[in-house]
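Colleague: Hey, can you work out the whole structure from these sequences and the hints?
6 protein chains.
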Amino acid sequence: MRIKVINGNTFEPMTRGIDESAQAVRSPQTEIITTQPKAGPESIEGYYDEYLAIPGILEEVILSGDEIDAFVIACWGDPGVEAARELTTKPVVGIAEASMYVANMVAARWGVVTTMHRALDMIEKTIHRAGFSHRCVSIRTTGLSVIETETARQATIAALETAGRLAITEDKAEALCLGCAGMSGLDKALEERLEIPIIDAVAAAVKMAEAIVGLQKQTSKALTYQRPESKRIKGFPDYMQF
Amino acid sequence: MRIKVINGNTFEPMTRGIDESAQAVRSPQTEIITTQPKAGPESIEGYYDEYLAIPGILEEVILSGDEIDAFVIACWGDPGVEAARELTTKPVVGIAEASMYVANMVAARWGVVTTMHRALDMIEKTIHRAGFSHRCVSIRTTGLSVIETETARQATIAALETAGRLAITEDKAEALCLGCAGMSGLDKALEERLEIPIIDAVAAAVKMAEAIVGLQKQTSKALTYQRPESKRIKGFPDYMQF
Amino acid sequence: MRIKVINGNTFEPMTRGIDESAQAVRSPQTEIITTQPKAGPESIEGYYDEYLAIPGILEEVILSGDEIDAFVIACWGDPGVEAARELTTKPVVGIAEASMYVANMVAARWGVVTTMHRALDMIEKTIHRAGFSHRCVSIRTTGLSVIETETARQATIAALETAGRLAITEDKAEALCLGCAGMSGLDKALEERLEIPIIDAVAAAVKMAEAIVGLQKQTSKALTYQRPESKRIKGFPDYMQF
Amino acid sequence: MRIKVINGNTFEPMTRGIDESAQAVRSPQTEIITTQPKAGPESIEGYYDEYLAIPGILEEVILSGDEIDAFVIACWGDPGVEAARELTTKPVVGIAEASMYVANMVAARWGVVTTMHRALDMIEKTIHRAGFSHRCVSIRTTGLSVIETETARQATIAALETAGRLAITEDKAEALCLGCAGMSGLDKALEERLEIPIIDAVAAAVKMAEAIVGLQKQTSKALTYQRPESKRIKGFPDYMQF
Amino acid sequence: MRIKVINGNTFEPMTRGIDESAQAVRSPQTEIITTQPKAGPESIEGYYDEYLAIPGILEEVILSGDEIDAFVIACWGDPGVEAARELTTKPVVGIAEASMYVANMVAARWGVVTTMHRALDMIEKTIHRAGFSHRCVSIRTTGLSVIETETARQATIAALETAGRLAITEDKAEALCLGCAGMSGLDKALEERLEIPIIDAVAAAVKMAEAIVGLQKQTSKALTYQRPESKRIKGFPDYMQF
Amino acid sequence: MRIKVINGNTFEPMTRGIDESAQAVRSPQTEIITTQPKAGPESIEGYYDEYLAIPGILEEVILSGDEIDAFVIACWGDPGVEAARELTTKPVVGIAEASMYVANMVAARWGVVTTMHRALDMIEKTIHRAGFSHRCVSIRTTGLSVIETETARQATIAALETAGRLAITEDKAEALCLGCAGMSGLDKALEERLEIPIIDAVAAAVKMAEAIVGLQKQTSKALTYQRPESKRIKGFPDYMQF
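Sequence lines, in order, name chains A, B, C, D, E and F.
Using the numbering used here, the final residue of the first sequence is 890, and nothing's skipped along the way.
Using the numbering used here, the final residue of the second sequence is 890, and nothing's skipped along the way.
Using the numbering used here, the final residue of the third sequence is 890, and nothing's skipped along the way.
Using the numbering used here, the final residue of the fourth sequence is 890, and nothing's skipped along the way.
Using the numbering used here, the final residue of the fifth sequence is 890, and nothing's skipped along the way.
Using the numbering used here, the final residue of the sixth sequence is 890, and nothing's skipped along the way.
Any given hint might turn out to be false.
You can't tell identical chains apart in this list, so a pair holds if it fits in one copy or across any two.
List time: in silico EDC-like cross-link candidates among lysine to aspartate or glutamate, alpha-carbon distance up to 20 angstroms [said to hold, decoys possible]: (1) Lys820 x Glu772; (2) Lys686 x Asp886; (3) Lys773 x Glu730; (4) Lys773 x Glu796; (5) Lys869 x Asp819; (6) Lys773 x Asp819.
These are calculated hints, taken from the structure and not from any lab test.
Modeller: Here is the structure:
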């Protein structure tokens, strides 16, 4: 089974970190191919970043052909996931939804910790869209940028520990989703400190993708996720036309 | 006051139709500048189309400089509207939200009629996100493509009349939002036939934009809609970097 | 275009303040006629006040005849707005709904500041009814009465500034609706202090009314807002019978 | 124990019917005093009717003094119930809420049948406000006016049977609330025909009022339902000033 | 009228306390029979406890035969209430739902105070299921076990007073439900201290049961609460087979 | 990895069917141990059945000791899943939640098909509790009992095909969850007929359990799912005391 993990961001060290997280949890039968879009922002920290990232993410889906069995979109917010589902019969899993499903299965009430303060609304909307406003009891931010999160690991762990402790004591969170692909790999260190389940969202999505492939389920083409209608799309390469 | 109306689609006849709707309702003091992205799909009929359209829409916002007082994004689904709000202090109005606000002010229960059957989920999500699941009692589709909607006007009117009549009799809708920018200009013809308020979403958004400018309100830069963080964005022109 | 703005309260200085707010934002083509009911409480600060105010508000709608193009009901809570819609084909706009629509278009998360502590439940229910519980993140009260709000302007501004600052820092509100018609005219002073959009609800409603008139939309008579059924209404003047 | 049942309508035969329903279920220790407002519409069939009825309803509460132990407001929609709670420390029960509570305790899924088609929105909003959108699976209307409902009993029963049967077969309702005080007394006849619990809303409210008095609970004066603020109320009698 | 009150817990002093609360509010015509399951946990403080208690609760319903007119299940959380409704045509009332209905009728915003901190999720889910997330503004826990709550009355009152005061001042609760059957009988002492309505949930349920019996309503057998299907149930006595 | 799959029902052929479904999708490294409670109903078709089944389900968790890595509770409705989470640090997955998560990842709008008509309310509540009322657009029942579902395979497939086709055409469902453990193994036959993803809930849960074990996540013991409090539990064996 081959799973293509697409970092939504174009910061190469982050793609490597995501790959490590994905490799660490893959089943022996699974091959992980981690990539990043050719175009798009280094890091996704707001709506502008997110929307500029999506065409590149979708291009990665289109270019994969039939050799891929499932896709993971690695950015908490699940950018473009519905569009990716139109492009392929293969399952497409967003790391936000995957991490929330795992959180639901191990905790009654959970929280999300993420990077910049401005992301609060994006995180809230992602949770509301998923239907989990009654399960998520805490959203906390570190104030660190995505790049700092990726590169300043000790500061990031310290900030996440602080935020997480508040989520536990103030908001009664019983598990935490790491709300940024750049936090991949920090779950173990935080579990040691906070003693509640910490969900690495990339890892969660890899396991969800394996699960759906294992079930031999494909994306429904009944209505919403039908192949894009055939039409002219200006300014995009031929292979992105339908 | 100058309002820039950005068609989310790149089909030129549709841009002209949108412009006519906008011109028809603008106040005497308002200048309307209708445009379409340089790149993007001819028509937005699914999530893939929508996400490929957004960077071009955002580019139109960025390129405008200070001479524009408000922006309207003309595609029911309000693609990229939060990102556009990050890019400017000027108000940005989506035609979906604008038409729903107007519907709320003239009817207790309303519906949305749109183009292709596959758009049902997009329409529903747009309404749910806005908070109006308890006000919208009907979503009906004509089965016509956006291009057909724009070019085959008589067939479109007939199909909208049929869909609208079902919305009224079966679902007890008391007003209807035209759920596609390509339906601009059809409200009068449908009002004659259906005898309930029919909301031209583009027109509604122009009036909402005028209203906010008239109130001298600007997009809040307090948190969510702060200017995008400064970073490298690969594959996009310099003027789209922050 | 003539817009009749009906103060829900019968405190004359407040009606003048409302008129000033309405005049300040009207379009050149718009004539504003501000009035107050003949009967009803000086100020609306609870449910009893609100319900005693409504018949007088409705009387103002009935007495207007055809020379009015739209009505604004000026009391945050939108008292009697559905009933007013039954009485006329002209659009009727409540200042609460109007201010929330404007807030939605300029901010991702917003709050409401109002007068007395006891109004908390009324405010919450107004927001819940509108569908915006997920957008409104803060309700704060000054503890001042409506009359004090109208007459003790410096104390009111100071109290609103304090409440607003808590809404911003504690609740992460990014815009604020002034949740009382008696706060009309204070938006500019508060914007200077708080540096986020402050929505004068009366002004917002005037612009919404202009927008709907500009769209040539009328209140739907399809079902809910049909003209009241013909019947005897004891104790009310002849012109209030149907 | 004395319970004052206030018909929201001023149609005397209806007040008698309500009284019969209330008398039929009262406990031996309970005295029922059924009344109707001095002013207000004969029948409440829309928002205008409802708002003109409320001051008269509230007057009935005010005039009662201390000899009353609880109040029932007899109009499905619970007009003015929050205001009545401000006026007295005694419990105030609306017939809509009471009937829904009873329905919840005897059925998993229930419906409401009411009079005129135009009332659909009022009924829906009443249910939504109460929090029972997930329990109410059916709203059906007979198309008969309130007066016809009160005076043409056989036609009413036939129409309710037809509506009720559709609620059961189409919507899987397992109990029905009679959504108009004018339907009081019809529950037994309908139960024979439909074989599911039919809730007479007036009767339900009398028992709820008895229950709260039996518990020696009074209306909370902590915040929302504090006594109305002292102020001038123009055009209302002295005893309605606070 | 005979009401059987079934303590969900098997701690005999608690059953006596529940009986006292029930006896104290019953109508003269009502006979109260309070009992506890033969099997099950001493106290219900978590989901495991709750599910082990339910078969014993249901057995108490089955063993009652026709001499009982209504059942009350005395454990906040309403364990097994839907199953009990399948077993009998007589009304079955849970103390949680009953207390929330009473709270709604005397207060605009209310809270729940309960025993152990871990019960927070159970309480929240009970409120969410009932549809009252918008009415309940506070959930507070004393940290005391159910047995301590029953036996250490002074400590319990002190802890409830502290929790209640926070609910009032911090969360603006205007009434409180005692969220544990073991708190029965403490409402008066707390009302003296906190000066808002305190709802004894057992007492509330007894009055609700009396109300439904007084209305001659029975559990709907239309669909959900039909008698259990006939089948073999291993390991349970013959009288529990259907 | 060892996963214990606990059939909620005590009908042995059904346990075998569940085992086959679980074996068919397990990873090579996974060992499946399928079992059924010693006590409890042959089949779960209502709330009574469900609650009598739960102690036996929990006993199966308790008896497992440390050699099990995850538990699956195989009954759509997820009986006792929160209690099971209190009993073990190992992940516990309900088949209802698992199947809904999978449905969400392959379809925008999905439905559930189940057995008896009376189960409608249980199914709806399960979906509402999970937060997916906005994703589930169809609940259909075959009218067949659980035992018939297990034993009369051709009739079951025919009935499911009929129900499924209505879900697709009438309700626009794009995937279906098989809402009964007794339907395990029918997904492929139905996918051939209906051409949309059909989710075998048992299979889905096995893959979810593997996923969580693969992530090395355990049930949070922070608050809600702490080990049951130590206390006397009458009528249960010693090993079920804490």
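Colleague: Each hint should be assessed against the structure and marked as holding or not.
Modeller: Checked hints:
When the C-alpha separation of Lys820 and Glu772 is checked against a cutoff of 20 angstroms, the pair qualifies both within a copy, at 17 angstroms, and between copies, at 13 angstroms. For a Cα distance limit of 20 angstroms, the shortest separation of Lys686 from Asp886 qualifies both inside one copy, at 16 angstroms, and across copies, at 16 angstroms. For a Cα distance limit of 20 angstroms, the shortest separation of Lys773 from Glu730 qualifies both inside one copy, at 16 angstroms, and across copies, at 12 angstroms. Taking identical chains as interchangeable, the C-alpha atoms of Lys773 and Glu796 are never at most 20 angstroms apart, the minima being 24 angstroms within one chain and 34 angstroms between chains.
Taking the shortest Cα distances, Lys869 and Asp819 sit within 20 angstroms of each other only across copies (16 angstroms), while inside one copy they are farther apart (41 angstroms). With identical chains, the CA atoms of Lys773 and Asp819 are at most 20 angstroms apart both within one copy (19 angstroms) and between copies (16 angstroms).
Hint compliance for this structure: hint 4 is the single one not met.
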